[in-house]
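K.L.:
Residue strings, one per chain:
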Amino acid sequence: MNEPLLQVTDLQKFFPVAGAGIFSRERGTNKAVNGLSFTLHKGETLGLVGESGCGKSTAGRTVLKLYDPTAGSIKFEGEEISGYSNAQMKPLRTKMQMIFQDPQSSLNPRQSVGAIIGASYEVHKINPEGGVKRAVQGLLERVGLNAEHYDRYPHEFSGGQRQRIGIARAIALNPKFIVCDEPVSALDVSIQAQVVNLLTDIRDEFGMAYLFIAHDLSVVQHISDRVGVMYLGKMMEIAPTESIYSTPHHPYTKALLSAVPIPDPQLERKREQIVLTGELPSPMKPPTGCVFSTRCWKAQAKCFEVEPLLQKVGQAEVACHFPE
Amino acid sequence: MSLLQVRDLKVSFKTPDGVVNAVAGVSFDLKAGETLAIVGESGSGKSVSNLAYMGLLPTAKTTITGSVILKTDAGEVDLIGLPNEEMRKIRGKDIAMIFQDPMSALHPYYTIGDQLIEAHQVHNEVDKSVSRDRAIELLSLVGVADPAERLKAYPHQFSGGMRQRVMIAMALMNNPKVLIADEPTTALDVTVQAQILKLLSDLQKKFAMAVILITHDLGVVAGSADRVNVMYGGRLVESAEVNALYKKPMMPYTVGLLDSIPRMDQGHGKRLRAIPGQPPSLITLGQGCAFAARCDRKAELPDGTCDTNPELKAVESGHLVRCHLYDRKAASK
Numbered sequence: 001m002n003e004p005l006l007q008v009t010d011l012q013k014f015f016p017v018a019g020a021g022i023f024s025r026e027r028g029t030n031k032a033v034n035g036l037s038f039t040l041h042k043g044e045t046l047g048l049v050g051e052s053g054c055g056k057s058t059a060g061r062t063v064l065k066l067y068d069p070t071a072g073s074i075k076f077e078g079e080e081i082s083g084y085s086n087a088q089m090k091p092l093r094t095k096m097q098m099i100f101q102d103p104q105s106s107l108n109p110r111q112s113v114g115a116i117i118g119a120s121y122e123v124h125k126i127n128p129e130g131g132v133k134r135a136v137q138g139l140l141e142r143v144g145l146n147a148e149h150y151d152r153y154p155h156e157f158s159g160g161q162r163q164r165i166g167i168a169r170a171i172a173l174n175p176k177f178i179v180c181d182e183p184v185s186a187l188d189v190s191i192q193a194q195v196v197n198l199l200t201d202i203r204d205e206f207g208m209a210y211l212f213i214a215h216d217l218s219v220v221q222h223i224s225d226r227v228g229v230m231y232l233g234k235m236m237e238i239a240p241t242e243s244i245y246s247t248p249h250h251p252y253t254k255a256l257l258s259a260v261p262i263p264d265p266q267l268e269r270k271r272e273q274i275v276l277t278g279e280l281p282s283p284m285k286p287p288t289g290c291v292f293s294t295r296c297w298k299a300q301a302k303c304f305e306v307e308p309l310l311q312k313v314g315q316a317e318v319a320c321h322f323p324e
Numbered sequence: 325m326s327l328l329q330v331r332d333l334k335v336s337f338k339t340p341d342g343v344v345n346a347v348a349g350v351s352f353d354l355k356a357g358e359t360l361a362i363v364g365e366s367g368s369g370k371s372v373s374n375l376a377y378m379g380l381l382p383t384a385k386t387t388i389t390g391s392v393i394l395k396t397d398a399g400e401v402d403l404i405g406l407p408n409e410e411m412r413k414i415r416g417k418d419i420a421m422i423f424q425d426p427m428s429a430l431h432p433y434y435t436i437g438d439q440l441i442e443a444h445q446v447h448n449e450v451d452k453s454v455s456r457d458r459a460i461e462l463l464s465l466v467g468v469a470d471p472a473e474r475l476k477a478y479p480h481q482f483s484g485g486m487r488q489r490v491m492i493a494m495a496l497m498n499n500p501k502v503l504i505a506d507e508p509t510t511a512l513d514v515t516v517q518a519q520i521l522k523l524l525s526d527l528q529k530k531f532a533m534a535v536i537l538i539t540h541d542l543g544v545v546a547g548s549a550d551r552v553n554v555m556y557g558g559r560l561v562e563s564a565e566v567n568a569l570y571k572k573p574m575m576p577y578t579v580g581l582l583d584s585i586p587r588m589d590q591g592h593g594k595r596l597r598a599i600p601g602q603p604p605s606l607i608t609l610g611q612g613c614a615f616a617a618r619c620d621r622k623a624e625l626p627d628g629t630c631d632t633n634p635e636l637k638a639v640e641s642g643h644l645v646r647c648h649l650y651d652r653k654a655a656s657k
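Those sequence lines, one after another, are chains A and B.
Going by the working numbering, 37 is the number at position 37 of the first sequence; the sequence numbering is gapless.
The working numbering runs 324 ahead of the 1-based position in the second sequence.
A portion of the hints provided could be inaccurate.
Here chain A is said to cover these stretches of chain B; the calculated rule only asks that three of the stretch's residues, wherever they fall, bring their Cβ under 8 Å from a Cβ of chain A [as the list claims (entries may be wrong)]: (1) 509-520; (2) 571-582; (3) 598-606; (4) 620-632.
Because the hints were derived from the structure by calculation, they are not lab data.
Note that the coordinates shown come from a computational prediction; the quantities given were computed from them, not determined experimentally.
C-beta: ideal position from N, C-alpha, C; glycine also.
From just these sequences and the hints, can you work out the full model?
P.N.:
Here you go:
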């Protein structure tokens, strides 16, 4: 568990933003991920939370090299992959996989389930024991579907079942690392619980590490060993799950957690909430100093000038000048 | 009489695959000033029932029966089968609606001001400047800074949370008695959701409105609702006052739903109790209990009991349940 599988240091991913007209030149840069560092250990689940636009999905895709990073280092099993070409990445793809949010658009509607899952073997020229069909049918059963589903097409399945197909595809090559990008947020509550349980079982069975990206803080708490909180492309706080949910140190973490409603009317109505004022600043023009300073109730002069770096506070690492 | 009285509402759609019985006989009352939450998963009929009596479903392939009586200033009106011109006088005035996605509910080509003023003009024969003042008043009430200036802005110039505020302002232009909020915070981030829910509850008191809150989020329900209707397979399966429902859910579906959500106050790592199986197809759903195929307590009853659809009965005062497990208890009451 203590061996680092993935080490991300000062990762940046900027997107050019075009001007208003077709012929106008680049108007600015969207600093989606702006100096992100974290480590993921073997078999560990790191939850990545934050509001829309905080860069959590971009971070997930960049560490898989689906986007080329603008700057920074990504080390997978000690190997620096940030500069790798697609061809150099290909052998590594058997070890790193992804599960997407929308099981509707992430499965090719014109391919049968067998072809979708079997493609992993084909692309990497791997011959599983007993043949591809047997292997795929085994996977289907493992994720709670039927071997007979092999010849069916994605539209014949419900949302929850389609997500199971996506999971079967991701685990086909027995990867060491899976980026789960909002894997349950498109599902109904009762189905969501089925899929969360499946993801937990598979992790425990195969010993994979997950980077679990989600906006639902309760689901993240449930599945993660550690949790990182992002805001405007930066890590605000990263800590073991128990510690971050019981004693958040960063004001933003505190506000975020206090906004999550609890499904119990008596607790919910006497709970103290921190309602954040103002709007999320544009990632094209992030505030100077601490990026959260414009909405923070504890901000002082220093916060508007000096950017806080992640520092150890108790069990957590916190990027704040005045941690709680 | 209560403000809104829904009786045996049925909605079905003709599709190439067969008739979809989206709502199969729903009855409930809405009292003035209360918040009624309607909870259910996709396809449970929670949204369709409200679209039906708002007159917002396409008429060609839809069959709507039952009655929905609304108390208006002009007397009691049955909204089902009301001609379009009559409906238009009520919609947006006595009963208003806000939707999940404010981007697609607002017109992208017109300014916020145009849309707010129009909402007032269609129901009031007043000078445009009066409507404009009303629009400014409402925008500042929902927390849009610099409202007079913002009237000139287009929807795309607002963030998601701000657009939802504009939607709320538009819905309240004519002091409606009933506000239907269909997943009003589902598309929003948690911190923004908290802002919008607080705003809605403040405005509800100020305007003395009744709110029908349609949502799948049991956390949101716990914080806002007075009473909760749980829907499954197009049927109302449980209805109770909010504390009673969370403390003592009775219908096995409600129990399962509450058990299957991960809860932040209950720590990490505990296995979730998922409901096995999938929601039923509304085309092939037969005469039996809609939840029977997924129910873990069916075995407690004699074979075949769940092949008939149970009635919605009061098991305790104010607590209605549609389940054969409570047949005897309800009968003895």
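K.L.:
Please list, smallest to largest, the hint numbers that this structure does not respect.
P.N.:
Hint 4 is the one this structure does not satisfy, whereas the remaining hints hold.
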